[in-house]
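Asker: The primary structure of each chain is shown beneath.
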Amino acid sequence: MTEQQHQGRVVGVNGNMVSVAFDTSVIQNEVAYVVVGDTRLKSEVIRVRGNEADLQVFESTNGIRVGDTVEFSRELLSVELGPGLLTQVFDGLQNPLPRLAEQAGFFLQRGLYVQPLDRERRWAYTPKAAVGDTLRPGDTVGSAPEGIFEHRIMVPFAWSGEWQVTWTAPAGELTVVDPVAKVSNGSEERNVTMLQTWPVKIPITNYKQRLFPRDTLVTNIRCIDTFFPVAKGGTFCTPGPFGAGKTVLQHALSRRSEVDIVIVAACGERAGEVVEVLREFPHLEDPRTGRSLMDRTIIICNTSSMPVAAREASIYTSVTLAEYYRQMGLHVLLLADSTSRWAQALREMSGRLEEIPGEEAFPAYLESLVAGFYERAGLVELNDGSRGSITIGGAVSPAGGNFEEPVTQATLKVVGSFLGLSRERSNARRYPAVHPLESWSKYRSVVAAKDLDRARQILRSGNEVDQMMKVVGEEGTPTDDFVVYLKSELLDAVYLQQSFFDEADADCPAEKQVYCFAKVLAVLDAKFQFTDKADARSFFHKMRQAFLDWNSSLWKTDSFTKAEAAIDRLIQTGLNA
Amino acid sequence: MRKLYHRIIQISGNVITVEAENVTYNELAEVTSTRGTSLAQVIRLDKGRVSLQVFAGSRGVATDSQVRFLGHPMRVSATENLLGRIFSGNGVPRDKGPALKDNLIDIGGPSVNPANRVIPRNMIRTGIPMIDVFNTLVESQKLPIFSVAGEPYNELLARIAMQAEVDCIILGGMGLKYDDFLTLRDTLDEHGALSRSVMFIHTAADPVVECLLVPDMALAVAEHYAVAGQRVLVLLTDMTNFADAMKEIAITMEQIPSNRGYPGDLYSQLASRYEKAVDFEGAGSITILAVTTMPGDDVTHPVPDNTGYITEGQFYLVRGRIEPFGSLSRLKQQVNKDTRDDHRAIMDTMIRLYAEYRESLEKQSMGFRMSQWDEKLLRYGERFEARMMDLSVNIPLEEALDLGWQTLAECFEPAEVGVKTDLVNRFWPKKD
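Protein sequences appear in the order of chains A and B. Here the first sequence stands for residues 1 to 577, where the numbers follow the working numbering. Here the second sequence stands for residues 1 to 432, where the numbers follow the working numbering.
One thing to keep in mind: the hints can contain errors.
[Stated by the list, open to error] As a list, the in silico EDC-like pairs of lysine to aspartate or glutamate whose alpha-carbon atoms are at most 20 Å apart:
hint, chain 1, residue 1, chain 2, residue 2
1, A, Lys533, B, Asp374
2, B, Lys363, A, Asp466
3, A, Lys470, B, Glu359
4, B, Lys420, A, Asp502
5, A, Lys542, B, Glu416
6, B, Lys363, A, Glu474
7, A, Lys450, A, Asp525
Since the hints were derived computationally from the structure, they do not count as laboratory data.
Kindly produce the complete structure, drawing on both the sequences and the hints.
Answerer: See the structure below:
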């Protein structure tokens, strides 16, 4: 069949949904182009009824008229995979935004698409497989260094069966479209290139098995790693009302997490926030590699004013790129901000399709889509025995800050760690505003579980005393209870709270957390003697100051040791009083 | 000459449906009825049936009224001639000046490429201490003023408009009371700001569809000026009326409502307007200040709630003052490090002490005994409110900072305020 035959005509337009009459066949979720004058508007088939297909258009639909031609591509919405993805800034459909800017100027131009991977750029290719080797899809053919990583060139995931290598390119400088090997399955010979494509809505599953995510992903954020940890290959969510510090938290995660690759999916949020990442990351050093932070980062940016349908795609685009790098045995962190905007994009489309709405007009299939997205995270053992993982962290923006709403609830069912941000804490300037009593995690902390339980108990009791004091006043509270309250406040102030803008405080590797936590615990466990409440309060004020000085001195320096000695002296004073 | 259509097959709310051919999505048409001619916009195509939103409303439209399609979407004339002029939501002059037809540009244009944005870096001085000192307004910021009916939010907008150091002001009024429109116009006029302003005004009595056009008209013009290198301040009042107009149309079109009757795309619709705020590298900028009245003083209402997620902070206008708690300028950190060394210290310290004052006030009202420290705080709080929070205060930032130090010195000892010693040595007022 020639391409000409797969055409249709527009019969209706409603917002970004276009109905198309077709004669031959269409594929659900295939890409189609609506031809408006000289521009071709990318769209996706999302429903077929009789001989009419409904398309969601990834662009503004202005100017489309009934009778306009629609070309069907016979391909599902896909992304390009290959070396050169890192450091890039893509829109939801994987168009590199800086390249679009070169061609179109200040504004995004409708119908302008740019190839995600540079066809001219050459990569230092080294073959790994030899002629005669039998390979399965996802097996390594060769490699090319991409920044600090060995970028594995693999047999395309979409091919099935076993393939025998019949030719390999010698080591050399090659572009992503040059053949690097020829393989045959007995009946057909194909070229392997560094570039392959994959449909975004289908998970890549070329691995041996999924493993239980056991190792803690160290984020350098104390309240996460110690209290509500995330595992490599796990999932977590950060719901919170506006102004609670979701974005600052996501930035801290993207900067300081100890993973190989970070993918930031700015989905339907402010452009300004992406700009900060975009402009600052190239100048920030990754403490683990000494290279620019941008070298390990990919940004997928479909901000709130960009077309809504592409916002829906952006989540899938980002997770597919994550899966690709996982296939190389790397640990990937995907930060999606915000999944609520993605859900809203689904809701808008569902409304146009006139589907029967679920709660708050979200589509009834919202939960299964949310679950499907988070389930693409995981720790896997690849065919060659190496391990790779994807950790997904989704920000959620619940309407009115109310966690009872459908997106938060659907997310809570499928994540392993819940970091609930509270307005109460952010108003009190207690950052990060992760609520210590409402959040939870199913993963393993960097500190011992029994120690953690004691700390949690102090937080709970402290909160009870605090509630009590609001009724009976400070004068009606026994001194012992008051001390418990002061201890919980100390734990909050010097351990849960952390400044991401202070270099020393922000840098908290696992080793340091274990060390510092033990010290805080020593204070919590200590049985201090106080004459009265004022005495206790003044003691804990001094203790807080001493710990804050400790937090703001760099790990393993003289000032760190000195500040620690000051704390030890204070503890002794408290015990001997 | 374009073809005329006479067969209107459905009239429902402000939406009419006509059978027509060769019509493009979003294009404009003229609907001529017994009440005169009104513009209308195509909002749905379904085979041969074209649904149009009639700007003047469908009252008086007959089933055989005449519909003429114009072949282009809504446009606005973007030239220097707009300055000093007042238009209605659909671009018709409200003053006695001529209609403008030069250099027509489409409204609701595409989004700015995020890769072309720069990190905001310029402060906008307003002379209002609660803004300049505590929540600095930054060029290219988008900020709503959250308020409730009866508060002087339009007065605040007008004051900022008059005092802000920008090249031109574009005012979009939505559902304005006619009196408020007159007040705004006269205030700008009195202070000589009218000649650098453009107004798109939809009053409460005008057809509701025109309300929907106001932000797009205002922002299209703003974008044109900004690309040409001007620093533009866009004032929108009141975005809740805009959202309510969207709700009205959506329900007429039988769209499934999501939250309290608002359409599911409320967030995207608001965001596509607010995101027009931008600082162009090598050209001008757009800053947006928008009044959002909170129905029932409820910040979780869908309109303020969605707005809060979109904008870069918010000012709460409560009892005629900008509330220090809750109000936030997310971009202030970008600029307040470069103003004066003591800016951040004064900002943090004065707010912290004011929070303590509020606690003391609460204790006092509950009848607890006031300590010496409480007395100091009470004295401080009163002065803070009079010198900083009162909206009639109009002083430059540096003077406000000095006044801050003076207030601290009048009420406290240097050791009590918790400011770094070197700043105290430099700025604490010396006793004569």
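Asker: Compare the structure with each hint and give your call.
Answerer: Do the hints match the structure? See the list:
For the given pair, Lys533 of chain A sits about 19 Å from Asp374 of chain B by alpha-carbon distance, which is consistent with the 20 Å threshold. Among the hinted pairs, Lys363 of chain B with Asp466 of chain A is consistent with the structure: their alpha-carbon atoms are about 17 Å apart, no more than 20 Å. Only pairs whose Cα atoms come within 20 Å are accepted, and Lys470 of chain A paired with Glu359 of chain B is accepted, the gap being roughly 13 Å. Taken as a hint, the Lys420 of chain B and Asp502 of chain A pair is honoured in the structure, with Cα atoms around 16 Å apart against an allowance of 20 Å.
The suggested pairing of Lys542 of chain A with Glu416 of chain B holds, with an alpha-carbon distance near 16 Å, which does not exceed 20 Å. For the suggested pair Lys363 of chain B and Glu474 of chain A, the alpha carbons sit about 12 Å apart, so the restraint of at most 20 Å is met. For the hint linking Lys450 of chain A to Asp525 of chain A, the alpha-carbon distance of about 13 Å falls within 20 Å, and the restraint holds.
Against the hints set out earlier in the document, no violation occurs for any number.
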